[in-house]
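**Q** Respectively, the protein sequence lines represent chains A and B. With this note's numbering as the guide, the letters of the first sequence map in order to residues 1 to 103. With this note's numbering as the guide, the letters of the second sequence map in order to residues 104 to 663.
Fair warning: there could be bad hints in the mix.
As the list claims (entries may be wrong) - Just the calculated beta-carbon pair ranges, DEER-fashion:
hint, chain 1, residue 1, chain 2, residue 2, range
1, A, Arg34, B, Val607, 39 to 45 Å
2, A, Arg34, B, Phe622, 50 to 56 Å
3, B, Leu651, A, Ala68, 20 to 26 Å
4, A, Ala86, B, Leu344, 55 to 61 Å
5, A, Ala86, B, Glu332, 47 to 53 Å
6, B, Ser269, A, Arg43, 56 to 62 Å
No lab work stands behind these hints, which were simulated from the structure alone. Using N, Cα and C, we set each Cβ at its ideal position, and we do this for glycine too.
Each chain, written out:
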Amino acid sequence: MPGTPLARGIESIMAEVLRAHVLDTVLDRPEVRRGLSPEAIQRIRSDLLERLAKSEESGRPDRGEVEALLDAVLGAAGPAGAAVKALLKSCWERVSSPEGEKR
Amino acid sequence: MSGALDLVLLPWRLRDIRRVRGIAGVLARHGFADVAARMGPAAWARGVIRAVLRRPKASPVPVERRIRRVLEELGPTFIKLGQMLATRPDLVPMALVDELSRLQDHVPPFPFDEVRQIVEAELGQPMDAVYSEVDPVPVAAASIAQVHYATLKTGEPVVIKVQRPSLHQQITGDLRILAGLASVLESHVPETRPFRPRAIVEEFTKSLQRETDFLAEAASMERYRKMFEDEPGLCIPKPCLEWTRRRVLTMERVEGVKVTDVEALKALDVDLKSIVDLGMRLTLRSIFEFGFFHADPHPGNFFVRRDGTIVLLDFGMMGTIEPRRIDEMLAFMVAVLTGDVDMVVDQLLDADLIGDDTDLRSLRSDLKSILVRYADANLGSVNVAVFIQEVMAVNVRHHVLLPADLLLVGKSIATMEGIGHQVYPEFKPLDAIRPYLTEVYVRRLLDAKKHSQVVARSVMDGLSLLKDAPFDIRRLLRKMRRGELTVNLRSVDDEARRRHSTAVANRAVLAGLFATFFFGAVVLLDQGGTVRTVAGWVSAGFSWLFFLGLLWSLVRGDGR
Numbered sequence: 001m002p003g004t005p006l007a008r009g010i011e012s013i014m015a016e017v018l019r020a021h022v023l024d025t026v027l028d029r030p031e032v033r034r035g036l037s038p039e040a041i042q043r044i045r046s047d048l049l050e051r052l053a054k055s056e057e058s059g060r061p062d063r064g065e066v067e068a069l070l071d072a073v074l075g076a077a078g079p080a081g082a083a084v085k086a087l088l089k090s091c092w093e094r095v096s097s098p099e100g101e102k103r
Numbered sequence: 104m105s106g107a108l109d110l111v112l113l114p115w116r117l118r119d120i121r122r123v124r125g126i127a128g129v130l131a132r133h134g135f136a137d138v139a140a141r142m143g144p145a146a147w148a149r150g151v152i153r154a155v156l157r158r159p160k161a162s163p164v165p166v167e168r169r170i171r172r173v174l175e176e177l178g179p180t181f182i183k184l185g186q187m188l189a190t191r192p193d194l195v196p197m198a199l200v201d202e203l204s205r206l207q208d209h210v211p212p213f214p215f216d217e218v219r220q221i222v223e224a225e226l227g228q229p230m231d232a233v234y235s236e237v238d239p240v241p242v243a244a245a246s247i248a249q250v251h252y253a254t255l256k257t258g259e260p261v262v263i264k265v266q267r268p269s270l271h272q273q274i275t276g277d278l279r280i281l282a283g284l285a286s287v288l289e290s291h292v293p294e295t296r297p298f299r300p301r302a303i304v305e306e307f308t309k310s311l312q313r314e315t316d317f318l319a320e321a322a323s324m325e326r327y328r329k330m331f332e333d334e335p336g337l338c339i340p341k342p343c344l345e346w347t348r349r350r351v352l353t354m355e356r357v358e359g360v361k362v363t364d365v366e367a368l369k370a371l372d373v374d375l376k377s378i379v380d381l382g383m384r385l386t387l388r389s390i391f392e393f394g395f396f397h398a399d400p401h402p403g404n405f406f407v408r409r410d411g412t413i414v415l416l417d418f419g420m421m422g423t424i425e426p427r428r429i430d431e432m433l434a435f436m437v438a439v440l441t442g443d444v445d446m447v448v449d450q451l452l453d454a455d456l457i458g459d460d461t462d463l464r465s466l467r468s469d470l471k472s473i474l475v476r477y478a479d480a481n482l483g484s485v486n487v488a489v490f491i492q493e494v495m496a497v498n499v500r501h502h503v504l505l506p507a508d509l510l511l512v513g514k515s516i517a518t519m520e521g522i523g524h525q526v527y528p529e530f531k532p533l534d535a536i537r538p539y540l541t542e543v544y545v546r547r548l549l550d551a552k553k554h555s556q557v558v559a560r561s562v563m564d565g566l567s568l569l570k571d572a573p574f575d576i577r578r579l580l581r582k583m584r585r586g587e588l589t590v591n592l593r594s595v596d597d598e599a600r601r602r603h604s605t606a607v608a609n610r611a612v613l614a615g616l617f618a619t620f621f622f623g624a625v626v627l628l629d630q631g632g633t634v635r636t637v638a639g640w641v642s643a644g645f646s647w648l649f650f651l652g653l654l655w656s657l658v659r660g661d662g663r
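When you get a sec, could you build the whole thing from the sequences and use the hints?
**A** Take a look at the structure:
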């Protein structure tokens with residue numbers, strides 16, 4: 001599975017979530033602040049931002065694969081699947097909203 | 104434990120009796136006649152009986168030293184067992200750990216005629232057909248093998264590592280005896296059960312089998328070479344696979360100065376600090392980036408070349424750690440190194456290492472007293488080996504069974520620190536360790552590829568479950584209707600198995616509930632009508648809850 005369009009699509013979504021919502025939370029953890037100097041934290045932050053942005057962009061064209069898989073799985077589950085899909089979509093819109101990008 | 108060992112039950116095989124008597128004789132000579140006597144009548148050689156009858160006074164030599172001498176005298180299997188136990192302060196007292204760390208693995212060399220016989224038997228051709236020259240005087244001789252300088256027919260200088268004659272038979276017999284002893288201990292001496300002697304002997308057997316297979320050692324060397332391709336400061340000799348077999352290892356000859364020979368290093372005019380820093384960096388990278396590390400990094404396996412590169416030898420004893428364990432271990436070590444007591448205890452609880460009888464408040468308080476002291480100390484003044492020992496001692500006191508791989512990792516880092524202090528007394532290991540581990544910890548937490556692989560695997564597992572669930576449930580129901588469903592109950596006292604069984608049972612229940620509510624929803628929604636539609640949606644909601652619970656259970660693994 002590694003290297004397939006589906007894997008790249010999932011990685012891209014994951015990279016976006018990590019970049020927009022998790023990176024600063026992790027770097028702000030007490031154990032990280034105690035273990036690294038502010039300069040080291042800044043260096044790691046820039047490096048990780050660059051890496052995550054790269055993963056995010058390189059897999060963006062493959063995100064359709066993830067959506068297609070979700071459609072297939074949730075479609076098979078009938079109306080309940082449609083409800084879950086709507087829920088997931090709303091969650092994703094919130095996660096990838098401009099407020100999230102700004103963080 | 105005194106008197107609890109049933110003599111009659113010791114299952115010595117006829118072919119092992121001679122060796123058992125030999126072991127009993129060595130034990131008796133070093134003041135352990137009572138132990139020898141309890142090995143059963145078959146072990147009662149004349150020396151044992153005499154020693155028991157004489158009832159000697161307590162030996163002035165400390166018991167730990169006598170144990171070390173017994174192991175050294177008993178040969179390779181027991182020396183290696185002692186070396187393994189030296190990495191397990193959770194199993195043996197600290198004084199014995201210190202003594203076992205001094206186990207000497209030097210034995211007289213075996214004759215060159217036997218070297219020739221083994222090499223020719225393994226390579227399937229005369230020695231002279233492969234090597235143009237072989238130095239009959241060994242460079243080194245240890246309990247497993249001895250090493251000779253040689254030159255290949257192609258002119259390439261090499262070294263040949265040749266396994267000791269009859270080693271395989273001797274080790275196999277010793278392991279059989281140890282397995283029998285462990286089995287009796289576990290079945291008949293309840294005090295030894297928490298230490299799982301059978302599991303220890305099994306783990307030791309695997310490790311020793313790997314160490315005596317030179318093909319596996321050559322593969323480890325290749326793997327290490329590949330791992331550190333980007334590290335110009337490290338040299339791993341290249342194995343000559345064409346002339347390597349299970350008992351003979353031929354490899355590139357790389358010469359250097361022993362890392363602890365500081366005078367010789369100074370004569371080479373190499374930078375001692377950079378050698379030590381590099382050694383620690385390599386140790387940490389092998390553990391926390393690759394999960395594959397040298398588990399026997401004693402000074403005899405480290406050399407330094409004229410250009411300052413480190414040469415690492417002897418890849419017989421390697422440690423491996425699964426990626427998931429690396430994450431757990433990193434979190435634990437970062438918590439310890441940053442003095443976060445709550446996180447340390449959470450990690451121990453998450454890994455299910457804390458026993459039911461542990462007083463958490465007392466454990467927290469003891470850990471805090473150590474961690475706060477070290478957190479306040481100047482990093483440069485901290486002795487990592489002592490620090491690890493203190494943390495281990497607290498865990499042992501509170502019945503926290505630390506996993507073997509964590510202990511091996513601790514031992515590797517502490518050994519590297521010891522080498523560092525010998526070579527460069529101003530070495531400050533924590534200056535390097537703490538930021539390095541914290542950085543790796545952060546990078547792994549934010550590794551999109553790793554997380555996406557976990558998600559992808561869960562999706563595939565979920566799909567496979569969805570595909571099979573209706574069929575499996577129909578088959579189960581059919582069997583129930585026919586009265587053919589049988590349930591086999593087996594009492595398993597192994598905690599891990601029990602947890603696994605519980606997890607499997609939970610998943611089966613969740614799968615059943617999911618399927619029931621799911622099909623119920625489909626039927627109700629299909630029939631229409633307000634009440635049925637509402638009931639159908641409620642049922643669908645429950646089915647998705649159970650499905651998510653099932654996915655969660657699969658992602659978290661056993662015992663959660």
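**Q** Identify every previously stated hint that the structure contradicts and give their numbers, smallest first.
**A** Structure breaks no hint.
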